[in-house]
Amino acid sequence: MKLCALLLAAFIPCLGQPLPADTNKAFGNPSAPVRLDVFSDFECPACRNFHVNMLPQIERDYGPTGKLYIVHHEFPLNIPAHKLSREVAAYATAAARIGKYEAVADALFQKQPQWYTENPNPIKFWDVIAGVLTPAEQKKVLALAKDPSVLAEVQSDVDLGNRLRVDSTPSFFLTHGMQRFSLPYQGLTYPLFRSMVDNMK
Amino acid sequence: MIASDNTHLAAPGFASSRAAKIFMLAARIVLGAVFVYAAYVKLRDPWELFAMSINSYEVLPLAMAETAAHVIPWVELALGLMVISGIWLRISGTILSLVLLTFFTLMVRAYAKGMQINCGCFGPGEAISWKTLLRDGSMAAAAIAMTCLAFLQRRKTAA
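Protein chains in written order, with my numbering: chain A, 41 to 241; chain B, 211 to 369.
Just so you know, the hints here were simulated from the structure itself, not pulled from any lab data. Treat the hints with care, since some could be wrong.
As a list, the in silico DSBU-like pairs of lysine-lysine whose alpha-carbon atoms are at most 35 Å apart [claimed, not checked]: (1) K179/A to K241/A; (2) K241/A to K123/A; (3) K341/B to K231/B; (4) K231/B to K151/A; (5) K164/A to K151/A; (6) K123/A to K179/A; (7) K180/A to K151/A; (8) K123/A to K323/B; (9) K231/B to K123/A.
Here the structure is a predicted model, which means the values were calculated and not measured.
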């Protein structure tokens with residue numbers, strides 16, 4: 041039986057164990073029939089485009105229905121143009137520990153052009169994060185961002201992405217029952233996404 | 211089922227040579243199987259995934275990409291089965307060659323423009339690269355050669 045399961049997992053990669061989820065970085069009903077896993081890099085302009093333009097639509101339409109569970113994962117790309125990515129991911133993960141992931145992620149993506157590496161006169165990304173936190177929360181996040189367990193959590197997201205063969209951001213996986221589909225970012229439109237989710241009974 | 215066309219055995223020249231017949235048979239089996247498999251993958255997955263792949267090429271409006279995502283897998287399945295079985299080989303070979311040339315042209319265009327998109331050939335997850343171009347280019351060349359041979363054999367038989 042175990043051998044059969046191993047063979048099945050080896051030959052049908054889209055079938056497998058449910059992906060791990062940090063509930064502090066998730067949105068929606070955890071027992072929803074459809075789950076969307078998003079791998080993002082805070083310095084990636086395409087990720088910004090998704091988070092600023094499409095994600096609010098998805099949350100607005102599927103939040104009340106309980107049909108979709110959205111889980112965010114960090115996938116900081118290891119390239120010179122994204123030299124702040126991993127550090128920012130650690131701060132966002134630290135914010136998640138105090139229940140502030142969504143507010144911090146929204147602010148970071150909204151103001152990405154002002155702080156990201158390629159801006160010749162960037163503002164500090166911490167100023168963006170601090171802007172949505174109280175002074176007490178700021179202290180907690182500053183401390184947690186250096187915590188080895190937070191850094192390990194970011195790395196475990198990266199490891200998960202590598203196992204799923206994520207090679208660019210944003211990357212999306214839509215899971216319905218035992219089926220998992222990788223959605224191509226280029227060509228992804230909200231009407232197609234919505235049609236696909238709505239057709240999953 | 212592989213159909214054999216014994217009326218061509220007496221036809222002279224390269225088109226009726228043993229090498230040409232072996233090439234024709236191999237091309238029909240390989241190209242047909244590839245088309246049937248490509249259709250199977252697309253029909254197995256939600257149609258929206260293929261529509262996203264088509265949309266990523268940025269050549270069709272979304273509504274047409276959606277229509278194409280519904281139609282292309284069935285065309286691929288029909289062509290694959292027709293080529294394997296040898297039914298109307300000149301017609302199915304011509305259409306298959308045109309389809310492959312269209313796919314190849316679109317992939318070359320995307321690669322030349324530096325678009326980092328999936329090929330969409332066998333479902334999502336396969337980025338366009340020189341390897342996919344080489345594969346699809348070889349398939350297009352084989353399809354054209356197969357179709358030309360089918361016409362040559364017919365002409366020699368008729369003569």
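CA of K241/A to CA of K123/A, is that 35 Å or under? Distance ~42 Å between K241/A and K123/A Cα, so the pair is violated.
When you check the alpha-carbon spacing of K180/A and K151/A, does it fall within 35 Å? holds, 22 Å
Agreement of K231/B and K123/A with the hint, judged by alpha carbon distance not exceeding 35 Å: This hinted pair is violated, its Cα atoms lying about 59 Å apart.
With the threshold set at 35 Å, check whether the alpha-carbon distance from K123/A to K179/A stays at or below it. Holds, at about 24 Å.
Are the Cα atoms of K179/A and K241/A separated by 35 Å or less? violated, 45 Å
35 Å Cα cutoff - pair K164/A, K151/A: Roughly 11 Å separates the two Cα atoms, so the pair holds.
Given pair status - K151/A, K231/B, alpha carbons within 35 Å: violated, 65 Å
Given pair status - K231/B, K341/B, alpha carbons within 35 Å: Holds: K341/B and K231/B sit about 28 Å apart, inside 35 Å.
Hint consistency between K123/A and K323/B [alpha-carbon to alpha-carbon, up to 35 Å]: holds, 27 Å
The structure fails hints 1, 2, 4 and 9 (numbered hints given earlier, in ascending order).
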